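S.K.: The chain contents come next:
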Amino acid sequence: NAGVTQTPKFRVLKTGQSMTLLCAQDMNHEYMYWYRQDPGMGLRLIHYSVGEGTTAKGEVPDGYNVSRLKKQNFLLGLESAAPSQTSVYFCASRRTGRDDTEAFFGQGTRLTVV
Amino acid sequence: DAKTTQPNSMESNEEEPVHLPCNHSTISGTDYIHWYRQLPSQGPEYVIHGLTSNVNNRMASLAIAEDRKSSTLILHRATLRDAAVYYCILRRNNAGNMLTFGGGTRLMVKP
Numbered sequence: 001n002a003g004v005t006q007t008p009k010f011r012v013l014k015t016g017q018s019m020t021l022l023c024a025q026d027m028n029h030e031y032m033y034w035y036r037q038d039p040g041m042g043l044r045l046i047h048y049s050v051g052e053g054t055t056a057k058g059e060v061p062d063g064y065n066v067s068r069l070k071k072q073n074f075l076l077g078l079e080s081a082a083p084s085q086t087s088v089y090f091c092a093s094r095r096t097g098r099d100d101t102e103a104f105f106g107q108g109t110r111l112t113v114v
Numbered sequence: 115d116a117k118t119t120q121p122n123s124m125e126s127n128e129e130e131p132v133h134l135p136c137n138h139s140t141i142s143g144t145d146y147i148h149w150y151r152q153l154p155s156q157g158p159e160y161v162i163h164g165l166t167s168n169v170n171n172r173m174a175s176l177a178i179a180e181d182r183k184s185s186t187l188i189l190h191r192a193t194l195r196d197a198a199v200y201y202c203i204l205r206r207n208n209a210g211n212m213l214t215f216g217g218g219t220r221l222m223v224k225p
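Chains as they are written, first to last, in this note's numbering: chain A, 1 to 114; chain B, 115 to 225.
It should be emphasised that the hints constitute simulated quantities derived from the structure, not laboratory data. Everything numeric in this text was worked out from a predicted model, so none of it was measured. In this text, a Cβ means the ideal position worked out from N, Cα and C, and glycines have one as well. There could be a bad hint or two in this list.
[Claimed, not checked] Now the stretches of chain B that chain A is said to cover, found in silico as 3 or more residues with beta-carbon under 8 Å:
#, stretch
1, 158-171
2, 181-195
[Stated by the list, open to error] Okay, the calculated bits of chain A under chain B, using three or more residues with CB under 8 Å as the criterion:
#, stretch
3, 36-50
4, 102-111
[To be verified] Here's a subset of chain B near chain A, in silico, CB distances under 8 Å, partners left out:
#, residue
5, Tyr-146
6, Tyr-201
7, Arg-205
Please build the complete structure, drawing on both the sequences and the hints.
M.R.: Here it is as structure tokens:
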């Protein structure tokens, strides 16, 4: 019962490098989200998707791109990493429903940009 | 989005009940009240949610004020494993249905 899996768990990047974070869920959820969490802060929404092939901007989208080519996967890309993007990144998913539903979170990816 | 106000931190003794308050005076009629918690070095974990009526599950109880402007998360018997940051979140039932996190309450449990 994997739930939400994030890859990789840790990464160190040099300024200007690019990388892609992968989020995979096996619960057939329609909605998926990418958040970032800076030290001592709550989570902030970067981008989200309400279904395969659709994405939308969240609260802090600058410097990031996303894609949802398959329903189970949500990719977060950093084209040119900056030290300000040092953070812990969390992916989440939830199903749609007439009543409200809970979100399931991954364990996070700790990214350091030097 | 409507905001929530929570104390920065609270302390509790092990095996005693804990009442975590949340104020949300600008809540709208369609906002659900969600509680999540985040244990150290982990992703957030769902605890409970409700709309108007009090709710109980295996983890906790949620007491919602009659005017819905405040709510209280109740942990019936705190354990050391309950030490975490607890987030009270209002979620509007619209496209995306995202959760907007605030600062949360850091719960410390003393043995």
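S.K.: Work down the list of hints and note, for each, if the structure agrees.
M.R.: Here is what the structure says about each hint:
1. Remark: the stretch 158-171 of chain B is confirmed as covered by chain A, as 5 of its residues place a Cβ nearer than 8 Å to a Cβ of that chain, reaching the required three.
2. With a threshold of 8 Å between beta carbons, the proposed coverage of the stretch 181-195 of chain B by chain A is violated, since 0 of its residues qualify and at least three are required.
3. Requiring three or more residues with a Cβ within less than 8 Å of a Cβ of chain B, the coverage given for the stretch 36-50 of chain A holds, as 7 such residues are present.
4. Coverage of the stretch 102-111 of chain A by chain B holds. Counting CB-CB distances below 8 Å, 7 residues qualify, and the rule asks for three or more.
5. Because the smallest distance between the Cβ of Tyr-146/B and any Cβ of chain A comes to about 4 Å, under 8 Å, the interface hint for this residue holds.
6. Annotation: interface hint on Tyr-201/B holds; nearest CB of chain A at approximately 7 Å, less than 8 Å.
7. Using the Cβ-Cβ criterion of 8 Å, the hint placing Arg-205/B at the interface with chain A is satisfied: the shortest such distance is roughly 7 Å.
In summary, the structure is inconsistent with hint 2 from the numbered list given earlier, while agreeing with all the others.
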